[in-house]
Amino acid sequence: MSEINKKPRVATVWLGGCSGCHMSFLDLDERLFELADKVDIVYSPIADIKTFPENVDVTLVEGAVTNDENEEMAHRVRKNSRYVISFGDCATTGNVTAMRNRFTNEELINRAYKELADICNSVPNDHTLIAQLREQAIPLHHLIRVDAFLHGCPPTPDEIWFAVNELLQGRIPVFKTQFLRYG
Amino acid sequence: MAVKTLTIDGQQYSAQEGESILSVARQHKIPIPTLCNLEGLSTVGACRLCVVQIEGIPKLLPACTTKVEEGMVVQTSNVKLNKYRRMIIALLASEGNHVCAVCVANNHCELQDLAYQVGLIRVRYPYLYPKKTLDATHKEYVMDHNRCVLCTRCVRVCDEVEGAHVWDVAGRGINCEIVTGLDANWGNSETCTSCGKCVMVCPTGALFEKGANISEMEKKKGFLKYIITARQKKEWVYIAND
Numbered sequence: 001m002s003e004i005n006k007k008p009r010v011a012t013v014w015l016g017g018c019s020g021c022h023m024s025f026l027d028l029d030e031r032l033f034e035l036a037d038k039v040d041i042v043y044s045p046i047a048d049i050k051t052f053p054e055n056v057d058v059t060l061v062e063g064a065v066t067n068d069e070n071e072e073m074a075h076r077v078r079k080n081s082r083y084v085i086s087f088g089d090c091a092t093t094g095n096v097t098a099m100r101n102r103f104t105n106e107e108l109i110n111r112a113y114k115e116l117a118d119i120c121n122s123v124p125n126d127h128t129l130i131a132q133l134r135e136q137a138i139p140l141h142h143l144i145r146v147d148a149f150l151h152g153c154p155p156t157p158d159e160i161w162f163a164v165n166e167l168l169q170g171r172i173p174v175f176k177t178q179f180l181r182y183g
Numbered sequence: 001m002a003v004k005t006l007t008i009d010g011q012q013y014s015a016q017e018g019e020s021i022l023s024v025a026r027q028h029k030i031p032i033p034t035l036c037n038l039e040g041l042s043t044v045g046a047c048r049l050c051v052v053q054i055e056g057i058p059k060l061l062p063a064c065t066t067k068v069e070e071g072m073v074v075q076t077s078n079v080k081l082n083k084y085r086r087m088i089i090a091l092l093a094s095e096g097n098h099v100c101a102v103c104v105a106n107n108h109c110e111l112q113d114l115a116y117q118v119g120l121i122r123v124r125y126p127y128l129y130p131k132k133t134l135d136a137t138h139k140e141y142v143m144d145h146n147r148c149v150l151c152t153r154c155v156r157v158c159d160e161v162e163g164a165h166v167w168d169v170a171g172r173g174i175n176c177e178i179v180t181g182l183d184a185n186w187g188n189s190e191t192c193t194s195c196g197k198c199v200m201v202c203p204t205g206a207l208f209e210k211g212a213n214i215s216e217m218e219k220k221k222g223f224l225k226y227i228i229t230a231r232q233k234k235e236w237v238y239i240a241n242d
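Quick mapping for you: the protein sequence lines, in order, are chains G and V. Using my numbering, read the first sequence as starting at 1 and increasing by one per residue. Using my numbering, read the second sequence as starting at 1 and increasing by one per residue.
Looking at chain G on its own, in the form it has when it is part of the complex (with noise of 0.2 Å):
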């Protein structure tokens, strides 16, 4: 993909979601020794690089844009990034990540660190460490340019797996209406 007789670079990235994408992704099972022998994992949460690398073939990208934090790495991602998929219902619709959008920050801040805490109910306020939130929560697509949506919540080994075939061969998948679904 990037230089012949290499192989294609591949990434995922895990935003606002529940991590739940990425365990359908471990659920491909075998198929991932077939993959590791047909790519190379450049970043991922499964993975211990610490910083998103550059000349990337493919990132899949999980969650919503919900904190500075995402929206820096979003944009790192399309900056070094030839295709950016959506992957599953969170980076697509922002679904449940998007659910905390009717509240206002200090609502969600105050019942998350003071209403439900048991010990130590305070809101932590140094930034250097915690992520600020966005004002909302937003689909990956509304912040970058992105290629291909896999949808479902999470979606399933075999979907994952049909999308990254397609994009490994060069085509940008072009999903069936098997494959268009929502939750």
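Simulated from the structure, these hints should not be mistaken for laboratory data. Each hint should be verified, as a subset may be incorrect.
In silico lysine-lysine, DSSO-like type, Cα no more than 30 Å apart, as pairs [as the list claims (entries may be wrong)]: (1) V:K131 to V:K83; (2) G:K79 to G:K7; (3) V:K139 to V:K220; (4) G:K114 to V:K132; (5) G:K114 to V:K131; (6) V:K210 to V:K131.
Let chain G serve as the given structure and place chain V on it in line with the hints.
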């Protein structure tokens, strides 16, 4: 009644005077997507999903409320129509709080099915996340306004079939909502007979039975045909699997 001859998608059909384009299309198995329309209830033309293109008429007209005319040339599907239908579903998705993954009607939802049918792979419009409420005061059923698409099927079935007229529509634009009585709690309604017809005709998870969990609320609409046939033809015919 006079017979009218018209062309739908290049094929000639004859129809009774006063029949709608949708009714003719349904008889001949020509698929036109619909949402607010439901056989057995009156026609309101609210959702605009069934819009068709008619030769010589510059604007698109809903197939459900447009009567057949002699020599009419109708197109039920083309690039323009499909684009508009996709736009309608995208707008419905963006102006409510539809979260399929945690919805009682997931996989049994007409809005979801329509999204697949029109090929809605993503919504380009900003989602509005309106602050809607949920009414769980009724002893058996719940109304979740977040999932309501304002098709008014519940209003019509309650008025026309049950004869109770518990439901109505209040407000305008984004504030438009289905209300119980004079916007009181459903549980306090003195007119509601708790028959559940509104729940069964609701195309989404807006109306559901208490206790239903994610994906568990399946709507059975067969009763409607049963009642209508009984009233009109005096025949009590139960149609299974409907």
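To see whether the hints hold, each was checked on the structure:
no.	hint	verdict
1	V:K131 to V:K83	holds, 29 Å
2	G:K79 to G:K7	holds, 20 Å
3	V:K139 to V:K220	holds, 20 Å
4	G:K114 to V:K132	holds, 25 Å
5	G:K114 to V:K131	holds, 23 Å
6	V:K210 to V:K131	holds, 22 Å
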